[in-house]
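Asker: Please put together the full structure from these sequences, using the hints given.
Note that the protein sequences, when read in sequence, are chains A and B. Residue numbers 7 to 126, in my numbering, belong to the letters of the first sequence in order. Residue numbers 509 to 1073, in my numbering, belong to the letters of the second sequence in order.
Chain B side only, calculated, beta carbon under 10 Å to chain A, not exhaustive:
| no. | residue |
| --- | --- |
| 1 | Glu937 |
| 2 | Gly938 |
| 3 | Ser958 |
| 4 | Leu961 |
| 5 | Lys965 |
| 6 | Thr966 |
| 7 | Met973 |
| 8 | Asp1019 |
| 9 | Arg1031 |
| 10 | Trp1033 |
| 11 | Phe1036 |
| 12 | Leu1037 |
| 13 | Ile1038 |
| 14 | Asn1040 |
The hints are simulated quantities; they were obtained by calculation from the structure and are not laboratory data. Ideal Cβ placement from N, Cα and C applies to all residues, glycine included.
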Amino acid sequence: MNAPFHAEIRALPKGIVLELSGEIDGSAADGLLGAYGQAVAEHDPGTVVLDFTNVDYINSSGIALIVSVLARSRADKRKVMASGLSDHYREIFEITRLSDFIDIRSDLASVETELSDGIG
Amino acid sequence: MLSNPGSTPGRNTEMTTAPSGSGTKGGGVRGWLKLPKRPSSTQEGPAGAVTVSGPSLEISPEDPALAYFQSSSGAVDISKLELDSPAVNQMREAGIVVAVPLISSGELIGLLNLGPRLSEAGYSSDDRQLLESLAGYAAPAMRVGQLVDQQAFEARNRERLDQELKVAQLIQQQFLPSSLPDLPSWHVAAFYRPARTVGGDFYDFITLPDERVMLVVGDVTDKGVPAALVMASTHSLLRSAAPRLTSPGKVLAQVNELLCEDIPAHMFVTCLILVLDPANGKVEYANAGHDLPYVRTSDGVVELRATGMPLGLMPGMAYEEKQYELRPGDCLLLHSDGLAEAHNPTREMFGFPRVAELVGRAESGEALIDLCLSELDRFTGPHHQQEDDITLVTLQRTGSLVAPGGPAFAAREDHLDGLLTEFEVASREGNEREALSRVADAVTDAGLSSDQLERLKTAVAETTMNAIEHGNRGKADIPVRISVRLIEGDVVVEVTDEGGGAMGEVTADPDIDLKLEGLQTPRGWGLFLIRNMVDEMQESTDGGRHTVRLKIRPEANSDVRRSDP
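Answerer: Pasting the structure below:
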């Protein structure tokens, strides 16, 4: 059950997707911030998508990491989107007001389409 | 305590001694002054038998003379001393010419006071040297005298306290029932063991006019004779109110009114009353701040909850009255805090979960009492001195336990309160995952919606993380204790650490705007999440223990209640 954190970077024409999996807690710090740093350095994307489809646990330390990623993106004027959040974590994104700054989409597929074709 | 060692070293010489015994803390010096009368008379009475009489001299702690004598290196010429001191003036009036401070271990313990020299010449430097060396011998001797006095005083005090304790014990025993109620199909057992200092525990059985039986347990704050007296009057008030009022809540309300008028300001009484109908096992109960009874049932241990203020604190109190039904095989324990709040040598508390667990284990009332006592002994260790009275009363309905799931079980579903699980996790980062899955497993039948379950899991995980990181500071050998209960249908999770303090997190609400601007750390979401995930969050500390209590009212449960009268 305790799956280690992993982040896969996938580049799309108009942005990058960080496919996150496992647990986002304090121990995911290097993995998440490292993947973000690498993606930004390699692709300089206008949009960063955090995909939570395969994430089964986020705790308050994980929320802090997401806040850090968001703060960096805003400093670099990159848009942040999220996909694949469960209802529960979506509620947490709302309570913490992360949802005011992150464009939350239900599934990754629609985001991929958006970042691949000419719309937006 | 005043003291004076018998011998004075010469004519017109007097000791002024510091107080010994309990009075030394004030910092003043008190003693006797002997007036120098009849200077010509010599050698009256055998040496060592001079008793002291005359006006007493008290040097108050503020008197500058005290510091002066304390720091002076030898004989002080009182007649020439320029000091605005009431004590020095008094000494002059009494004819004291020279005073030699008696100092032992740096502490001023008295003065060697001398009147005018018999030859009417002044004291020579030889005289002074002699006096100073005399003071050097006298001071430690006098200190020894004071210590002996002090010990004698303490011994008398102990004797007096022992006497008082005997009186308290006697009063207390007068009011404990001499026999147990004899009820067909019921078995009652009771145990009472006073602490050395005698707390104010009591219990009672009162048969009501309608043949129901009232069981009472109580505990008076404070100890010794005062507690015993308050216990005695509470006992009498209960006895007179019970047959007239019969309802446990009303009895408590009335006793509270009467007790409030007379009880000393700092004292109060916790008390639990349970009225049993032996014919059908139905009980009504009400509680005035006493430890809650536990019932062993076919489906686990149930805690009988009812709220109410202790007796004697405030007039005009109402006491919630609750009902329960004891079924064949059920066994109920009434107890006082001498059990659950006993400490072991490392100051760990025996604790209510442990008591609940023992209730679940025992086969009968007597066995339960034995089990409680042996487990308590094991917990506190061999050299333990019992801190408080211990009272245990058990009430067991004979017959075998009805299997869960049977018709009887279904009928009592709406008060299916009790302990669902209890466990510990080591204080290691990441162990909150274990905590949340064990809690989730325990509440599968509690009626939480899937959203509620997720919220509870997050709240438990965050609370456990706080307990691990802040409470127990990540020390793996200190466990975090977690219990899950159903209380009146609500899911209640308690997470306890040994940190003794509030959660080590900033209490200001985290603000995402400030965080994104870098004006607040990205962290600090734990407490905020917990508060938003549960219906109620409470913190409490008990000695070194810090407990966070989380409560969620299951959606399914509140629906059932509304539709099912």
